[in-house]
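Here the structure of chain A is known, so what remains is to put chain B in place on it, guided by the hints.
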Amino acid sequence: MTGAAGAVLASVDGFAIASSSNMEDDAAHAAMLAAATGLARQLMTIGGGNELRQLVVDHDEGLLLLWPIGEYLVLAMVAERTVDQSRLRAFVRSRVALLTGARRS
Amino acid sequence: MTDHVFKILVTGPFAAGKTSLIQSVSQTPVVSTDVVTSGDESEVKDATTVAMDFGTYAIEDDAIRLLIFGTPGQPRFRFMTNILKGDVDIVTFVVNAEARETHPSAGVELRSLLADLRVPAVVAVNRCDDQDEAEKIARSLGATDVARVIPCQLIDEDSGREVVIEILTTLLERMEDDESDDDESDDDETAAADDDAERPLEAVTA
Numbered sequence: 001m002t003g004a005a006g007a008v009l010a011s012v013d014g015f016a017i018a019s020s021s022n023m024e025d026d027a028a029h030a031a032m033l034a035a036a037t038g039l040a041r042q043l044m045t046i047g048g049g050n051e052l053r054q055l056v057v058d059h060d061e062g063l064l065l066l067w068p069i070g071e072y073l074v075l076a077m078v079a080e081r082t083v084d085q086s087r088l089r090a091f092v093r094s095r096v097a098l099l100t101g102a103r104r105s
Numbered sequence: 001m002t003d004h005v006f007k008i009l010v011t012g013p014f015a016a017g018k019t020s021l022i023q024s025v026s027q028t029p030v031v032s033t034d035v036v037t038s039g040d041e042s043e044v045k046d047a048t049t050v051a052m053d054f055g056t057y058a059i060e061d062d063a064i065r066l067l068i069f070g071t072p073g074q075p076r077f078r079f080m081t082n083i084l085k086g087d088v089d090i091v092t093f094v095v096n097a098e099a100r101e102t103h104p105s106a107g108v109e110l111r112s113l114l115a116d117l118r119v120p121a122v123v124a125v126n127r128c129d130d131q132d133e134a135e136k137i138a139r140s141l142g143a144t145d146v147a148r149v150i151p152c153q154l155i156d157e158d159s160g161r162e163v164v165i166e167i168l169t170t171l172l173e174r175m176e177d178d179e180s181d182d183d184e185s186d187d188d189e190t191a192a193a194d195d196d197a198e199r200p201l202e203a204v205t206a
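Order-wise, the sequence lines are chains A and B.
Read in order, the letters of the first sequence correspond to residues 1 to 105 in this note's numbering.
Read in order, the letters of the second sequence correspond to residues 1 to 206 in this note's numbering.
Chain A on its own, in the form it takes in the complex:
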């Protein structure tokens, strides 16, 4: 997909499950994704939220988008700022069943 530069799939407790070949293999990345998602779940209570859908890290070089995938996984994508976020999100949602099914089988 245009503008998507790489992806990391991690467990919610901070272990790397898979990543695209162009991503740096750094164990700390999976731990940071888990920590950020854990904190985001708490942060959403400030706005009265109950379900975390997406976490966006917007920085000078682009975007890091995080999505909880089921109860056990977190998917992160590195993307250019010009990426079509709604299309990317729809694409990820369409693959959620596949990812969660693979995790639980």
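Among the clues, some could well be false.
From the structure, some residues in chain B lie toward chain A, with a derived Cβ separation under 7 Å [unchecked claim]:
(1) 29
(2) 31
(3) 48
(4) 80
Worth flagging that the hints you see were computed from the coordinates, not collected in a lab.
Each residue gets a CB set at the ideal place from its N, CA and C atoms; glycine is no exception.
Frame of chain A; chain B shown alone:
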């Protein structure tokens, strides 16, 4: 009105009892980032902290308030400890007396933390009822400037509160030491050059 606010770092190895301590003493709902464990860790316990725990404890009509920050225990989350350790007033290091295999790396972590932070430390030896045994374990961690060693059973809320009382006592002693140092320097500015005017080191448990 709050006169004194202290930041407390609760850290230590995986499954030592850090979250249990904060949950048992906090007077406000604990901010918790527990998630389900996977792999080998799921054989030890069902849930683990991935970012932080946060709780509070106040005494004397809120004149003294403790802000309690708990870290994850696994080395892969060390970056969270680095974030949370800023400006702490005291370190509470929790170890599980029964998990002997965690003690060597816990000692390395505790010594490194204290060399870096230069604040008092309290060691809470969880799943231990004996003071001598707790002090023996604390000595094995190799930290020489630990203010207090507390045997505790953090599954029990009363035991957690005893740990907090020891933390408070250590903080208040440190405040008194600081104030007496200030008085001495006010009385005689040359006293600062005198060996006797040096601030006493934390009691060594050895």
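Now the hints, each set against the structure:
1. 29: Since chain A brings no Cβ nearer than about 10 Å to residue 29/B, farther than 7 Å, the hint is violated.
2. 31: 5 Å, holds
3. 48: 6 Å, holds
4. 80: Cβ of residue 80/B sits 6 Å from chain A, so the hint holds.
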